[in-house]
Amino acid sequence: MGSDKKKAKKKGPKKKCCKSKPRCKRCPIRMLAEGRLDPDLARELFRNERNREQAKKAKLKV
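This note's numbering puts the sequence shown at residues 539 to 600.
It is possible that part of the hints are untrue.
[To be verified] Okay, derived cross-link-like pairs now, DSS-like style, lysine-lysine, Cα gap no bigger than 27 angstroms in a straight line:
no.	residue 1	residue 2
1	Lys-597	Lys-559
2	Lys-563	Lys-594
3	Lys-599	Lys-557
4	Lys-599	Lys-554
5	Lys-595	Lys-553
6	Lys-549	Lys-559
7	Lys-599	Lys-553
8	Lys-559	Lys-599
9	Lys-559	Lys-595
10	Lys-594	Lys-552
11	Lys-552	Lys-599
12	Lys-553	Lys-597
13	Lys-599	Lys-549
14	Lys-597	Lys-552
15	Lys-563	Lys-597
16	Lys-548	Lys-599
17	Lys-597	Lys-549
18	Lys-563	Lys-549
19	Lys-559	Lys-548
20	Lys-563	Lys-548
21	Lys-554	Lys-595
22	Lys-553	Lys-563
23	Lys-549	Lys-595
24	Lys-595	Lys-563
25	Lys-557	Lys-595
26	Lys-552	Lys-563
27	Lys-552	Lys-595
28	Lys-559	Lys-594
29	Lys-557	Lys-594
30	Lys-594	Lys-554
31	Lys-549	Lys-594
32	Lys-597	Lys-557
Think of the hints as simulated: they come from the structure by calculation, not from any bench.
Could you build the full structure based on these sequences and the hints that come with them?
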């Protein structure tokens, strides 16, 4: 009959890093390191001070 399964949308990065270890799959820091996050979007997300601190700890240039 009707097997109309809705496809789940892929979620983008979180707006704030939750500081969990190990980092979650939607962590903006992790996505930037893996190359899955657009650099322009990363700059916007890392304007947040909390995210900037976490990026420095991860030794990423933002």
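Hints, verified against the model:
For a cut-off of 27 angstroms, the pair hint linking Lys-597 to Lys-559 stands: about 16 angstroms separates their Cα positions. With a C-alpha separation of about 19 angstroms, the suggested pairing of Lys-563 with Lys-594 holds against the 27 angstroms cut-off. Among the hinted pairs, Lys-599 with Lys-557 is consistent with the structure: their alpha-carbon atoms are about 18 angstroms apart, no more than 27 angstroms. For the proposed pair Lys-599 and Lys-554, the alpha carbon gap of about 17 angstroms is at most 27 angstroms, so the pair holds.
Distance check on the hinted pair: Lys-595 and Lys-553 sit about 18 angstroms apart at the alpha-carbon level, within 27 angstroms; holds. A hinted pair counts as satisfied when its Cα atoms are at most 27 angstroms apart, and Lys-549 with Lys-559 qualifies at roughly 20 angstroms. As the CA atoms of Lys-599 and Lys-553 are separated by approximately 18 angstroms, the hinted pair is consistent with the 27 angstroms bound. A hinted pair counts as satisfied when its Cα atoms are at most 27 angstroms apart, and Lys-559 with Lys-599 qualifies at roughly 20 angstroms.
Taken as a hint, the Lys-559 and Lys-595 pair is honoured in the structure, with Cα atoms around 13 angstroms apart against an allowance of 27 angstroms. For the suggested pair Lys-594 and Lys-552, the alpha carbons sit about 18 angstroms apart, so the restraint of at most 27 angstroms is met. Distance hint between Lys-552 and Lys-599 is fulfilled; the C-alpha atoms sit about 19 angstroms from each other, no more than 27 angstroms. Under the criterion of a C-alpha separation no larger than 27 angstroms, the hint pairing Lys-553 with Lys-597 is consistent with the structure, at around 19 angstroms.
Annotation: proposed proximity of Lys-599 to Lys-549 holds, straight-line Cα distance about 24 angstroms (limit 27 angstroms). Restraint check for Lys-597 and Lys-552: satisfied, since their Cα atoms lie roughly 19 angstroms apart, inside the 27 angstroms limit. This hinted pair checks out: Lys-563 and Lys-597 have alpha carbons roughly 18 angstroms apart, not beyond 27 angstroms. A distance of roughly 26 angstroms separates the Cα atoms of Lys-548 and Lys-599; the hinted pair therefore holds under the 27 angstroms criterion.
Simply put, Lys-597 and Lys-549 have alpha-carbon atoms about 25 angstroms apart, close enough for the 27 angstroms limit, and the pair holds. Note on Lys-563 and Lys-549: the hinted pairing holds, with a Cα-Cα distance of about 10 angstroms set against a maximum of 27 angstroms. A hinted pair counts as satisfied when its Cα atoms are at most 27 angstroms apart, and Lys-559 with Lys-548 qualifies at roughly 22 angstroms. Of the supplied pair hints, the one linking Lys-563 and Lys-548 holds, its CA atoms being roughly 12 angstroms apart against a limit of 27 angstroms.
As the CA atoms of Lys-554 and Lys-595 are separated by approximately 15 angstroms, the hinted pair is consistent with the 27 angstroms bound. The hinted pair formed by Lys-553 and Lys-563 meets the criterion: a straight-line CA distance of about 13 angstroms does not exceed 27 angstroms. Under the criterion of a C-alpha separation no larger than 27 angstroms, the hint pairing Lys-549 with Lys-595 is consistent with the structure, at around 25 angstroms. With a C-alpha separation of about 18 angstroms, the suggested pairing of Lys-595 with Lys-563 holds against the 27 angstroms cut-off.
Among the hinted pairs, Lys-557 with Lys-595 is consistent with the structure: their alpha-carbon atoms are about 11 angstroms apart, no more than 27 angstroms. Taking the CA atoms of Lys-552 and Lys-563, the gap is about 10 angstroms. The hint holds against a cut of 27 angstroms. At roughly 18 angstroms between alpha-carbon atoms, Lys-552 and Lys-595 fall within 27 angstroms of each other, so this suggested pair holds. The suggested pairing of Lys-559 with Lys-594 holds, with an alpha-carbon distance near 15 angstroms, which does not exceed 27 angstroms.
Restraint check for Lys-557 and Lys-594: the C-alpha separation of about 13 angstroms stays at or below 27 angstroms, so the hint holds. Between Lys-594 and Lys-554 the CA atoms are separated by roughly 15 angstroms; this keeps the pair inside 27 angstroms, and the hint holds. A hinted pair counts as satisfied when its Cα atoms are at most 27 angstroms apart, and Lys-549 with Lys-594 qualifies at roughly 25 angstroms. Proximity of Lys-597 to Lys-557 is assessed by CA-CA distance (about 15 angstroms); at most 27 angstroms being required, the pair is judged to hold.
Going down the numbered hints, you'll see the structure goes against none, and every one checks out.
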